[in-house]
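Undergrad: Protein sequence lines, in the order shown, are assigned to chains E and S. Here numbering that gives the first Met the number 0 is used: the first residue of the first sequence is 0, the next is one more, and so on. Here numbering that gives the first Met the number 0 is used: the first residue of the second sequence is 0, the next is one more, and so on.
Hints are all accurate, no fakes.
Taking lysine-lysine and the DSS-like style, the derived pairs with C-alpha atoms no more than 30 Å apart in a straight line are:
1) E/LYS619 with E/LYS569
2) E/LYS569 with E/LYS624
3) E/LYS378 with E/LYS1
4) S/LYS150 with S/LYS83
5) S/LYS268 with S/LYS221
6) E/LYS412 with E/LYS1
7) E/LYS619 with S/LYS150
8) E/LYS87 with E/LYS145
9) E/LYS68 with E/LYS87
10) E/LYS592 with S/LYS150
11) E/LYS1 with E/LYS442
12) E/LYS68 with E/LYS138
13) S/LYS83 with E/LYS569
14) E/LYS624 with S/LYS150
15) E/LYS442 with E/LYS478
16) S/LYS268 with S/LYS150
17) S/LYS213 with E/LYS619
18) S/LYS150 with S/LYS221
19) S/LYS268 with E/LYS624
20) E/LYS412 with E/LYS378
21) E/LYS412 with E/LYS442
22) S/LYS221 with S/LYS208
23) S/LYS208 with S/LYS268
24) S/LYS268 with E/LYS619
25) E/LYS624 with S/LYS213
26) S/LYS83 with E/LYS619
27) E/LYS440 with E/LYS478
Calculated from the model, a selection of chain S residues having no Cβ within reach of chain E, i.e. all distances over 12 Å:
28) GLY89
29) HIS90
30) PHE92
31) GLY133
32) ALA176
33) ARG204
34) GLN207
35) HIS211
36) THR219
37) ARG240
The set of hints was computed from the structure by calculation and includes no laboratory data. Quantities reported herein were computed from a predicted structural model and do not represent experimental measurements. All C-beta atoms, glycine included, are put in the ideal place defined by N, C-alpha and C.
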Amino acid sequence: MKLRRRLGIEWAGVALAASLIVTALINWNSLSGFDNLLYDQLSGYDRPEASEEILIVAVDEDSLAAFGKWPWPRNRHANLFNILADAKPKAIAFDILLSEPGRTDEDQLMAQAAGQNDNLFLPLHFVFPGSNGADFDVKEPIAPLKEAVTGIGHVNLLFDRDSVVRRTSLCFSGIANPTDSAETVWPHLMEQVYRSVRGRSSSAFDRLENCEQPLLMPYASRAAFAQVPYATVVNGEIPAAFLNNKIILIGATAQGLGDQHPAPLGDGGTIAGVEIMANMLNDIMADNFIIPVSTGTQILLSLIPTWILLIGFWRWRPRTTIFVSIGLVAVILVASAFLLSFQIWFAPGAALVGLGLVYPVWGWRRLQATSDFMGGELKNYRSETPDIPVLQSSLGPVDLVTEQAEELAHAIKHVRDLRRFITDALTNLPDPMFITDLDGKVKFVNKLAQTGVEDGAQDLALDDMLDRFVAPEDLGDVKNYLALDQQAREHDYIDFTSLNDEVFAMRRARVLSNEGELRGHIHYLADITEVANAAQEREEVLQLLSHDMRSPQAAILALLDGQDATDDNKRIESHARRTLALADNFVGLARIKSSEFSGEDILLSDLVIEANDSLWPLAKQRGIKSTVDDQTDGAFIVGEPSSLYRSFANLIDNAIKYSPEDSQITILLRNISLDKQPFVSVTITDQGNGIAEDMLGNLFERFASNDADSKGAVKGTGLGLNFVAAVIERHGGTIRAENVRESGAQFTILLPLAPEPADAD
Amino acid sequence: MDETCLPDEEIDGRFGKIPIYYVKLCKLGVVALVKSTNIDVNKIRVGNLYEAKAMGCLLSLPGKTRMRIAIADDDREVVDFLGKIVEEQGHVFVGFADGDALANALLRDTFDLLILDWNMPGKTGMQILEWMEGAVDDRPPVMMMTSRTAKQDISDALNAGADDYITKPEDPNVIAARINAILRRGNGSTAMETTAQYGDYILDRIEQKVRHNKTEVALTAKEFELTDLMFRNRDRTLSRRYIMETVWRTNAHLATRTLDMHVSRVRSKLSLTPENGFRIFTVFGYGYRLETLSNGV
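The shape of chain E in the complex, shown without the other chains (with noise of 0.2 Å):
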């Protein structure tokens, strides 16, 4: 639980700091460089065709050759537009900057014969930053000329961080005078050349939202427009039919003259500003310029590979995840050529970066989280198991993490061990086990258990295994048990006689996580087969004492019943008699001492009364008047009826084969409180000769009898007595023996009251 919560915040973290760290780069377009490597890279594989109809007239070293260094006087370029007017050209962009006063004559000349043509273009530039505090300043041309020609045109370039011209705008906004609020649109040179041509604005130019808006301008191979040096065109080397219906750009090519560029050629070389105009009319022609994402877009985009990379850590082993990692390398890759195709430009550095950002952070994290988590159990391990020996690592400096591993391994095999030794242990149990789960399925079956089972019980559901087992007729008490509620029963068992006809206590225990969670249940055999044998054996010599040895004296009693009282038959009677009541003794005490005390609502007045009741005959035989004397008025006792039955009518057979005839036995019942506890009390007077002195100390023990008497003629049990303080000690009572002085032999009986019950009325 612990290292899931660290682990996910780990997690955030890592993801927050990626897609933070991508926004960032692109919006500071930190990776241009890598991005247009790869767009320089792309666009070469597709470069468009070059327009026929564009044609070059370059001042280059040729024609500088001929005509002497730069500047030219300007009546050389009247002569080239008087030239030009003649072969009548589509439209003539001369991208050269007229923005300074020469000569005036010249600049008339010029201006005259720039008039010559109806399709002349000339350029303005902006100077940043402007003067007088302006944004900028507008260069035109000078007045003559400005208004001598058919129109005008910006031909600012942009350049790249790496002043590289890719891209390019189809018009220039801005305020030119601070004091002028309205903003001036001028469109670019190529634009203004393209509507002279075909009469609308170009749908490049239609489709911009603002002139910001950038434009990425594929380039057609070098040297790929027909170009013509300026001096044979001056010098009439040029057919004025390869002129016709030409769009022709003028400008300067010469290396010496500065107005060269770097362009994405893939060569890394440069090209003549005259070339980026003629590759940007030709794209605006073939309508086939770039359109780069919004920044909007390029962030949305990027984060999407970083997020699922990040969502599948969750998901994934780290070999899936270097896997998906590379292939998600790949179809940003791959995504970003087939936009390009569709003249959508996509710089995938920033998703690269943050893919290759998250991979290893998350994996350090990771790593560090586990890490910590591992050490921190290892630790926790080896304080709750202090017999784990340290792991010694012999090998010198190893990293931390390495040895956490080994010391896991090390703790692992550990608790392998001592796994095993718990199983050996458990297998070889004296009594069967098994363990289930939660489910009721068998986990674990010791040797013993599985014998019992004919295909083993492992993974079998705990009814099956019980139904292999347990004997039919004791199954229902076992499923009773074990559905009872066991926090309840703990220590509770049940017996039952197995399939095999062994007899098992079986016990159920709960099986605890350290959290305290219930997992399962051991049940645990334990075989009383022998126990219950004994138990049975003993139940049957108390069978045959209480039956199968009273019958027969029955039977003795039947047959003299009607024969006359002879002494004979007065004395068979007797020792008949005495052998029941030896029996039934002997009984009562085994049971006593075998069975679980169960006691019931008495009334102890009544039982005593009965028990002398039951007496009467014999006393009446002897003169001898035997009288109850009830003082409590409901004495009502827990007890077991019988045994206590038997124990009073012990007591008043005793009192009466000791007293002389005709004289008297009281019982007396009262109700006493001793140490606050309420107690009924008998005692039972007679006027005997008391008991022997000798006697007293051990009246209560077996087979002390106080037959030796010189009467001879009264006999007891030998167990009357002990059985009676047995009873009397399980009703949690005392009994004492005393002589009287004026009378007898006195006992004296205290049982506990019962409580009143709660629905007395």
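Start from chain E and add chain S according to the hints.
TA: Same frame as chain E, now just chain S:
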């Protein structure tokens, strides 16, 4: 008082229809008298009378004296001993040495009473009890005879449908009284009278008073009803439930101590002691029995 004498219902017994007349007696519930005008009284078995009893009626029949009693015990001495007691009471008996023989006889023969030993070869007494539930239509009353003394065994037998039980060994007089109590159940030679005498006790059912040795004993209404119930069913083991339903007329669970205390008071107020010829005997886990002691009367 005893005014209504209309035949409300008939009992369709094996020996024809027996008209029943209800006689309402003050506070004593409904008593049914069977008039045996058309039928041979000697052919009426106790089993027939059970049907009437099941309807909540106490039956009274003109004296049918001689009963056929089956005694099953693997101990011949016991069979002879019991047989002698039964014959002294003017009944006849058939002895069986094991449960299976008795079961065969029950399918062909009719008896007015079964005395069963608990442990027998073949079917035990308890098994006979269970077997009769399905196999015999009009089962006769059953007296269980057992050497077992455990409280649980006795209450099990009674709850399984035995009508009474005797623990061996038992005094012949007690056995005779108990057998008669069972047979008397339907065959009450004493019809419900306004006064009745049991030993030295005279019950006045109208005044709800008991006189003992000419002194009048003051009893509450419930105590009198309890006394009357026990005297009428003397020597018969009554379940607590039966007593409660009859005396308190409720099925609802009555606090058990209430009955204990009533029995205790009746015992002490009436001095029901062996000297006076009676003793109340608690059958733990089942109920009570008022025993008559012949030697005391």
